[in-house]
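Participant: Sequence:
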Amino acid sequence: MSARPTTPMSPKTAKVKSPLPGTPVFGCGMAQSQADRIQTEHIQRLFTQSTEGITQCVHHYKMILKNIFEQTPVVPQTFKNSDGQVMTSLTSNYLCLQCSAIVNEDDRLKHGTKKQHRFYVDSRSGALYCQICDDLVWDPTLEELRVRKMGTGTFSNRKRKHDEMFSDGVKDSSASNPGYISNNTTTASCKANGLRGIYNAGATCYQNVVLQSFLHNPLLRNFYLSDGHQSTDCQLTNCLSCAMDDMFQDFYAVENTNGFTAASILSGFWISEKKAFENLVTTKEQDAHEFFQFLAEELHERNGDGKRPETGSEHTCNCIIHQTFYGKLQTGTTCQNCGGVTNAVQSFLDLSLGLENLSHKRKKGGQKVPSLTLQECLDEEYVKSDKCEYRCHNCSSMQQAKRATSIKRLPNVLAIQLKRFEYKQGRHDRASKIETVVNFPLQLNMLPYTTRGRGADSKDAFDLGRSCTYDLLSVVVHVGEIDTGHYVSYCRVGDQWFKFNDHKVEMASKSDVMSAQPYLLFYIIRSLS
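Numbers given in the numbering used here equal positions in the sequence shown, counted from 1, plus 5.
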């Protein structure tokens, strides 16, 4: 049996004591002495008030559950601290059951002491919390509302139209027994959502942002959490894929919001024998794009056929990296003399888009701070053609030709680099950063840049467009000067965005993401065929 921790892909049976109706599972009503029992029967005290008070309490609990399960996570995770500042939290907040206050763990006791309010609702699970017991408590009425809201999205006990498909199993006498259900139900670590920062080990922010983009890539996550590469069975020393496997387990198997130290990633990276990336092995600030290429190649060799794809080749592989990131480009060269066309196909890991020429054109047009769109950058590379000379086999001589590149096969995850760093050679080699503003969309249609899309009519374009639509998954941003800058990233978890700044993680709005100036963009295909 694997020694790995429990993950959503390998759950173990949870041994949970079945609650008795009217009796809290934790805390309330569990004291031994009669005097203590009188003081701790708090839920009963809450529900022995007037009928109007009970109705208001239940109504308020319903409204809280709607906020938790229907609204964006920002709503229940936002609170005002003791200084009146609006804050967002990744850990549980507490929504007061007796008023409209939302407090964090530190301010919960202050609020309860001041207002004499003792009951709260956990912002992540909807569970009831008792301040006097300092524990989660259980009430059959409120718990039934919570379970209905989580399971059906409504408080009604009306059977859903597909429930009859499972009615035979429910009629079984053993299945209706609470003890049977608790003993035959497996639970996953559903609160472990991968929202952890990574400590900076000395100018390693360029690694951290790439690792976060990998950790929140659903294809890579599913691969590693379904034992695609088991570190416990691998015989290689300092294997980076083993390090990634352990990292995914730490991020998704255990609920922990503390920063993570990527020691195994660092050690495997530093002792790598890849000469092409040896300049990365230093304590100086490095390029996130180069580290992305390094990590992708390393994981390919550990999970694939072990061969390094040659530049310009049409190398194919079934490893997780190729299935996730690799696509194919087609470059067509058309002879201007005879009209003959020569096509060359090669694999690509990412698309690198130049900014220098377009930025220069914008400056000549009067823009002090040039502004571009991602689509304009893609047009420049994969729609427009350029003139060149090449030796035509039909003409048996050098001829003028037109050359155009298009995408023959799109990847499942499209990685795009915007070339913000330019290196000028001369008497004094120097590097500079291009600060051009590049606006990018949340949804990207890649059909215009594909080989098939160029000759498609309107009907075909509509059908093909749906299979070429991507959603933004993560953004890597370089802030500051080229030598003293810093990398941060934004990653999407469900419909909510988060900002990762080394070990710090905070919620982000769509406007925060869209106003960032990207260096790397990761888009995921909307529909996997």
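Take these hints with a grain of salt, some might be off.
Distance ranges between label pairs, derived from CB positions [said to hold, decoys possible]:
no.: 1; residue 1: G490; residue 2: E385; range: 23 to 29 angstroms
no.: 2; residue 1: F426; residue 2: G370; range: 20 to 26 angstroms
no.: 3; residue 1: E75; residue 2: S520; range: 23 to 29 angstroms
Here are the simulated lysine to any residue pairs, SDA-like style, with alpha carbons at most 20 angstroms apart [as the list claims (entries may be wrong)]:
no.: 4; residue 1: K366; residue 2: K389
no.: 5; residue 1: K407; residue 2: K509
no.: 6; residue 1: K333; residue 2: N348
no.: 7; residue 1: K366; residue 2: S437
no.: 8; residue 1: K392; residue 2: S402
no.: 9; residue 1: K333; residue 2: G344
no.: 10; residue 1: K424; residue 2: K515
no.: 11; residue 1: K120; residue 2: S130
no.: 12; residue 1: K71; residue 2: D127
no.: 13; residue 1: K71; residue 2: T83
no.: 14; residue 1: K424; residue 2: K407
no.: 15; residue 1: K333; residue 2: V346
no.: 16; residue 1: K120; residue 2: K71
no.: 17; residue 1: K333; residue 2: K369
no.: 18; residue 1: K424; residue 2: T339
no.: 19; residue 1: K115; residue 2: D127
no.: 20; residue 1: K389; residue 2: Q341
no.: 21; residue 1: K333; residue 2: T321
no.: 22; residue 1: K71; residue 2: T60
no.: 23; residue 1: K392; residue 2: R425
no.: 24; residue 1: K515; residue 2: D127
no.: 25; residue 1: K115; residue 2: S94
no.: 26; residue 1: K407; residue 2: E394
no.: 27; residue 1: K413; residue 2: Q341
no.: 28; residue 1: K389; residue 2: I421
no.: 29; residue 1: K509; residue 2: R497
no.: 30; residue 1: K413; residue 2: Q335
no.: 31; residue 1: K392; residue 2: A436
no.: 32; residue 1: K389; residue 2: G371
no.: 33; residue 1: K369; residue 2: R425
no.: 34; residue 1: K515; residue 2: L533
no.: 35; residue 1: K333; residue 2: L469
These are calculated hints, taken from the structure and not from any lab test. The structure presented is a predicted model; accordingly, all values stated were derived computationally and were not measured. Glycine included, C-beta positions come from ideal geometry on N, C-alpha and C.
Participant: Compare the structure with each hint and give your call.
Facilitator: Evaluated hints:
no., hint, result
1, G490 / E385: 23 to 29 angstroms, "holds (26 angstroms)"
2, F426 / G370: 20 to 26 angstroms, "holds (24 angstroms)"
3, E75 / S520: 23 to 29 angstroms, "holds (27 angstroms)"
4, K366 / K389, "holds (16 angstroms)"
5, K407 / K509, "violated (50 angstroms)"
6, K333 / N348, "holds (12 angstroms)"
7, K366 / S437, "holds (18 angstroms)"
8, K392 / S402, "holds (16 angstroms)"
9, K333 / G344, "violated (24 angstroms)"
10, K424 / K515, "violated (24 angstroms)"
11, K120 / S130, "violated (24 angstroms)"
12, K71 / D127, "holds (13 angstroms)"
13, K71 / T83, "holds (15 angstroms)"
14, K424 / K407, "violated (25 angstroms)"
15, K333 / V346, "holds (18 angstroms)"
16, K120 / K71, "violated (24 angstroms)"
17, K333 / K369, "violated (35 angstroms)"
18, K424 / T339, "violated (28 angstroms)"
19, K115 / D127, "holds (17 angstroms)"
20, K389 / Q341, "holds (16 angstroms)"
21, K333 / T321, "holds (10 angstroms)"
22, K71 / T60, "holds (17 angstroms)"
23, K392 / R425, "violated (26 angstroms)"
24, K515 / D127, "violated (25 angstroms)"
25, K115 / S94, "holds (18 angstroms)"
26, K407 / E394, "holds (8 angstroms)"
27, K413 / Q341, "violated (23 angstroms)"
28, K389 / I421, "holds (18 angstroms)"
29, K509 / R497, "holds (16 angstroms)"
30, K413 / Q335, "holds (6 angstroms)"
31, K392 / A436, "violated (29 angstroms)"
32, K389 / G371, "violated (24 angstroms)"
33, K369 / R425, "holds (19 angstroms)"
34, K515 / L533, "violated (24 angstroms)"
35, K333 / L469, "holds (17 angstroms)"
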